[in-house]
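These protein sequences, in sequence, are chains A and B. Counting from 1, one number per residue, gives the positions in the first sequence under my numbering. Counting from 1, one number per residue, gives the positions in the second sequence under my numbering.
Please keep in mind that the hints were generated in silico from the structure rather than gathered at the bench. Errors might be hidden in some of the hints.
[Claimed, not checked] Sample of chain A residues facing chain B (criterion: CB under 7 Å; computed from the structure):
#: 1; residue: 205
#: 2; residue: 211
#: 3; residue: 248
Each residue gets a CB set at the ideal place from its N, CA and C atoms; glycine is no exception.
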Amino acid sequence: MSSFSVTEPSGGTKWFAGILVVSYAILTLLPLLWIVATGFKTSEDAIAYPPKVLFEPSLEGYVNLLTERTRATEGMLEEAGPPRTWYEEIARDQGTVITGASRYGERFLNSVIIGFGSTALTMILGTMAAYAFSRFRVPLKDDLLFFILSTRMMPPIAVAIPIFLMFRQLGLSDTHLGMILLYTAVNLSLSVWLLKGFIDEIPREYEEAAMIDGYTRFQAFRKVVLPQAATGIASTAIFCLIFAWNEYAFAVLLTSGTAQTAPPFIPTIIGVSGKDWPAVAAGATIFLVPVMVFTILLRKHLLRGITFGAVRK
Amino acid sequence: MAEVRLDGVTKRFGRTTALDDVTMTIPDGSFVVLLGPTGAGKTTTLRMVSGLDAPDSGDIAIGGRSVAGLTPAQRDVAMVFQQYSLYPHLTVRENLAFPLRSPILRTPPDVIERTVRDVAEVLQIAHKLDNRATALSGGEMQRVSIGRALVRRPAVYLMDEPLSSLDAKLRADLRVELKGIQAESGATLLYVTHDQIEALTMATHVGVLDRGRLVQFGTPRAIYEDPVSVYAASRLGQPRINVLPADLFPGAPHGASHIGLRPEQIRQGEGQDAAVTRVERLGDQTRLHLSLAGHDIVTVTDAHTDLRGGDHIQIRPDRPFYFGADGARIA
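Please take these sequences and the hints and turn them into a complete structure.
What follows is the structure, given as structure tokens:
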């Protein structure tokens with residue numbers, strides 16, 4: 001059992017630590033706040049100098065992000081009549097009319113499918129592989145583990161061209177399945193290593209007890225090991241999701257239509273009608289939400305300590 | 001309830017031989033205690049019978065049927081681990097119910113409820129049933145761990161030093177309780193300990209293990225009164241048997257290199273002169289530490305003795321054990 005002594009820090013130390021933590025938080029959160037704020041600015045406010053800290057919020061960025069518009073001519077305006085909805089009004093104010101929904105929704109959905117799909121697949125394969133490496137006498141175990149790790153020793157993009165050619169041969173280019181498999185392959189090495197560490201820490205006695213209590217090894221794995229590895233699985237899943245969610249290079253290279261994710265799509269917003277920073281910021285803001293929600297949902301599993309003390313060592 | 005038979009069981013871990021050709025029959029309904037120091041192969045024996053490890057050679061049969069190749073679940077054994085491995089994500093109640101809910105037993109909920117309550121009652125943990133397993137003291141965890149075995153009626157119970165982490169009073173209580181449960185249910189129980197009190201109070205048979213070999217198997221009384229070697233003789237008896245050079249006293253048989261003297265084998269008041277170095281009063285008995293020709297001897301005397309350090313008494317062996325140079329008993 002690991003034990004550590006805790007000394008109550010003095011008042012001064014506490015204050016110092018507090019100031020340090022708060023300043024660090026401000027430093028890291030400020031850009032985030034800036035993006036969220038920019039999403040609610042008008043195009044003019046977004047590029048105003050000196051930058052506006054206080055501004056009148058506008059949904060212009062979000063409307064521009066989620067709609068396709070075209071510059072309005074006199075004839076079009078007459079034909080369309082007065083704006084019927086608040087978003088049409090916002091588009092009209094910029095001298096444009098809405099011609100339809102933008103592709104952002106689809107791209108966002110692709111990100112969700114590919115991000116969560118590959119994370120789920122990685123966790124299923126990773127947990128089982130890590131368990132096997134942790135518990136069984138696998139021939140050439142160390143070599144295999146090193147081989148798995150070595151797949152991450154160069155940046156994934158270094159193998160972009162072979163992967164591009166392979167995907168074209170296999171018909172995986174621009175498919176959800178292709179992207180899920182690719183991100184799973186990249187994430188698997190990290191997750192096997194991380195999860196093996198977590199599973200190594202779970203004493204074997206638990207499974208042995210369960211197997212004697214009348215369960216098969218797989219049932220013992222499911223009922224005894226998995227609940228205790230929850231912490232490790234949650235934190236590994238967050239790592240995997242963040243990678244798959246943010247991945248840009250492969251997404252640009254391998255997807256263009258059906259399976260395009262949000263990261264390669266967001267920069268294309270810039271070009272539509274001048275530099276539309278509020279729309280870009282709005283796209284980034286919405287893009288941030290799922291990972292944040294996922295992390296917050298799994299937060300309680302990130303707190304360690306459920307297994308402390310039940311096995312005497 | 002079943003007989004367990006080990007036949008020429010050998011197990012190696014790398015270069016060390018944990019079990020060396022162990023053959024032993026654990027009769028149906030017996031309480032067998034395996035004695036020996038750490039590394040003697042006690043736990044390995046349990047793991048072989050449970051199916052957690054497989055022997056390199058030899059066979060194990062439970063109830064007359066070879067269990068080679070069977071999983072622990074299929075062998076119908078219950079085991080209490082030395083590390084009381086409670087499932088930390090479950091409550092005490094769920095821990096106790098876990099074996100009953102297994103796919104093999106599939107016990108109905110009302111039976112589970114009743115059994116868990118009964119066992120918790122016996123082990124004095126009924127008030128902790130809804131606690132998380134991690135929120136218990138060491139002694140409570142150990143009791144839940146024993147309870148998890150007792151909820152079942154397996155062919156054989158295996159227990160690996162189940163009482164070692166309990167305080168003296170609880171240990172004494174549970175000794176009686178365990179013996180009672182075993183005697184009442186007629187269960188076969190294989191029990192590992194290095195506490196000789198546990199062996200003497202509970203066992204119907206004792207197996208003495210020495211570096212992977214079963215050196216003696218018999219009733220506790222037989223092992224105490226008729227040990228096969230210095231090693232077996234040293235397992236039981238409090239204070240320990242005194243092992244001295246055989247020529248210290250007259251009358252040693254030919255080939256004897258050591259003489260073994262338990263306290264009751266030392267007659268006081270006649271024979272050779274020994275100096276009293278220390279008198280230890282334990283209440284119901286008093287231990288005498290003696291020095292005879294440079295050798296220390298510990299024996300027991302009258303609780304109210306007037307002897308004190310510096311005194312001299314005479315002692316002589318009374319039907320002692322004689323051992324050869326290899327430690328084997330020769331007389």
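Now the hints, each set against the structure:
A least Cβ separation of about 4 Å between residue 205 of chain A and chain B falls short of the 7 Å threshold, and the interface hint therefore holds. For residue 211 of chain A, the suggested interface contact is upheld, since its CB lies about 5 Å from the closest CB of chain B, less than 7 Å. Nearest Cβ of chain B to the Cβ of residue 248 of chain A: about 39 Å, over the 7 Å cut. The hint is violated.
Hint violations for this structure: number 3 only, all remaining hints satisfied.
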